[in-house]
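Chemist: Taking my numbering, the leading residue of the sequence shown gets 24, the next gets one more, and so forth.
Read the hints as simulated data drawn from the structure, not as lab findings.
A hint or two may mislead.
Cut-off 27 Å, straight-line C-alpha distance, at most; resulting in silico cross-link-like pairs (DSSO-like, lysine-lysine) [unchecked claim]:
1. Lys432 / Lys445
2. Lys475 / Lys221
3. Lys175 / Lys161
4. Lys475 / Lys348
As the structure is a computational prediction, the values presented were derived from the model and not from experiment.
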Amino acid sequence: MTLQEYVDSLRGRRIAVLGYGVSNTPLIDLLLENGHKVCVCDMRTEEALGEAAAALRERGAELHLGKGYLDELDDFDYIFRTPGLLPIDPALVRAKERGAVVTSEMEVFFRLCPCRTIGITGSDGKTTTSSIIAELLKAAGRTVHLGGNIGKPLLCEIPTFGPDDIAVLELSSFQLHSIDIRPDVAVITNVSPNHLDKHPDFDDYVNAKRQIFAHQGPEQLLIVNRDNSYTARFGAEAKSRVLYFSRKETLRDGVFCRNGMIYKSHNYEVESIIPASEILLPGVHNVENYMAAFAAVDEIVSPELCRKVARSYGGVTHRLELIRKLGGVSYINDSIATSPTRTIAGLRAMRAKPILIAGGHDKHVSFDGLADEICERVRALLLTGDTAEQIAIAVRRSVFYDPMRLPIKIVPDLTTAVLEAKEMAVPGDIVLLSPACSSFDRFRNFAERGDKFREIVMGFKDDEAE
Numbered sequence: 024m025t026l027q028e029y030v031d032s033l034r035g036r037r038i039a040v041l042g043y044g045v046s047n048t049p050l051i052d053l054l055l056e057n058g059h060k061v062c063v064c065d066m067r068t069e070e071a072l073g074e075a076a077a078a079l080r081e082r083g084a085e086l087h088l089g090k091g092y093l094d095e096l097d098d099f100d101y102i103f104r105t106p107g108l109l110p111i112d113p114a115l116v117r118a119k120e121r122g123a124v125v126t127s128e129m130e131v132f133f134r135l136c137p138c139r140t141i142g143i144t145g146s147d148g149k150t151t152t153s154s155i156i157a158e159l160l161k162a163a164g165r166t167v168h169l170g171g172n173i174g175k176p177l178l179c180e181i182p183t184f185g186p187d188d189i190a191v192l193e194l195s196s197f198q199l200h201s202i203d204i205r206p207d208v209a210v211i212t213n214v215s216p217n218h219l220d221k222h223p224d225f226d227d228y229v230n231a232k233r234q235i236f237a238h239q240g241p242e243q244l245l246i247v248n249r250d251n252s253y254t255a256r257f258g259a260e261a262k263s264r265v266l267y268f269s270r271k272e273t274l275r276d277g278v279f280c281r282n283g284m285i286y287k288s289h290n291y292e293v294e295s296i297i298p299a300s301e302i303l304l305p306g307v308h309n310v311e312n313y314m315a316a317f318a319a320v321d322e323i324v325s326p327e328l329c330r331k332v333a334r335s336y337g338g339v340t341h342r343l344e345l346i347r348k349l350g351g352v353s354y355i356n357d358s359i360a361t362s363p364t365r366t367i368a369g370l371r372a373m374r375a376k377p378i379l380i381a382g383g384h385d386k387h388v389s390f391d392g393l394a395d396e397i398c399e400r401v402r403a404l405l406l407t408g409d410t411a412e413q414i415a416i417a418v419r420r421s422v423f424y425d426p427m428r429l430p431i432k433i434v435p436d437l438t439t440a441v442l443e444a445k446e447m448a449v450p451g452d453i454v455l456l457s458p459a460c461s462s463f464d465r466f467r468n469f470a471e472r473g474d475k476f477r478e479i480v481m482g483f484k485d486d487e488a489e
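Make the full structure from the sequences, and use the hints.
Modeler: See below:
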């Protein structure tokens, strides 16, 4: 079925699209352009949406806005949810029980995509791994469509896809929850507690991640981290073909690292790919990301091209991104670190103890492990956002905490944090934004937070040599 045939099949149906955001805006435009009756439901008020609300009404859309935006879903035949609204929400459960089809832009994309698909998920590393896979495939001359949770919805671009193209999709637990998809290649980087502010419990979060391979068959491929207890279990459960990657074990089939060299193995026939030290992106976590990516493109990209990309690819914006050096101080943007484990990985990649700026939206995860790492690896700690006090408490109760060696300060906002860091920094220091939390307390997303950090840092006067 083509995209146009799918859109035509909805003719005469009452359609609700929940959430007027990045994922659903192109879908809303497509439906309205094809003359469908569409109701846009969003928790923001008309005032908050501003001109966008008036423009939607002018195009014929109905609007349900504000606090009760989910109260009137009774009469809809199709409901497209936003990724942030899980299908276990009572309003969606009731709508489904009454016969409505509850789906999403991503679920429809997988149903209609005419080319090979690679889906990537994980608690940490999925953005970087997705981007590395895309770079590897481009180096091999393939036409790649990179999207999903990485920020670009692809459904409405399907008419431009060729049969030999490859779609690379970063998938969050929100996007995966309860959907029926069968990516040709599924990659799970790791699983650890995350997003427990949205999921009712950790089991629900783990089960959401499981959906990336739950419907695969023997003709599809699953790639999982052998060193992570949850993903290793996924490999044992899968009906698809499985490849592992590991920093700790020599593998019969998969990609592993031994004595500083990354190898790929098929039935114990081993071929070297690249010394881990030659990967441009810093940190052990990026060695793991590259191993996952090498496994995903094993039959498409040669070891020679893998080496070329690994030695030259500078990584994802907002991921250990050096913004500038000023007065001998390096300012590094790691805004994409929205979980404690990702901040830990960033700290372990630093060449010196940084001045760390952390804190943000409360996802109801523990900061105890992060606290121990902060005590050992951070020179000074500046905290802001909803979780500032929680992180400070966790650090102070760590057995490794020494108040004489680790000053902690809670500040009202990111601007103040960066200015305070600049004041305390001396030549040779690193100022690292690595929040360990999502951004929704103060910003729309991690990218906006990282852009604000860049704006502040680039606003400093060049009164000292770079």
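Chemist: Can you list which hints this structure breaks, lowest number first?
Modeler: Structure breaks no hint.
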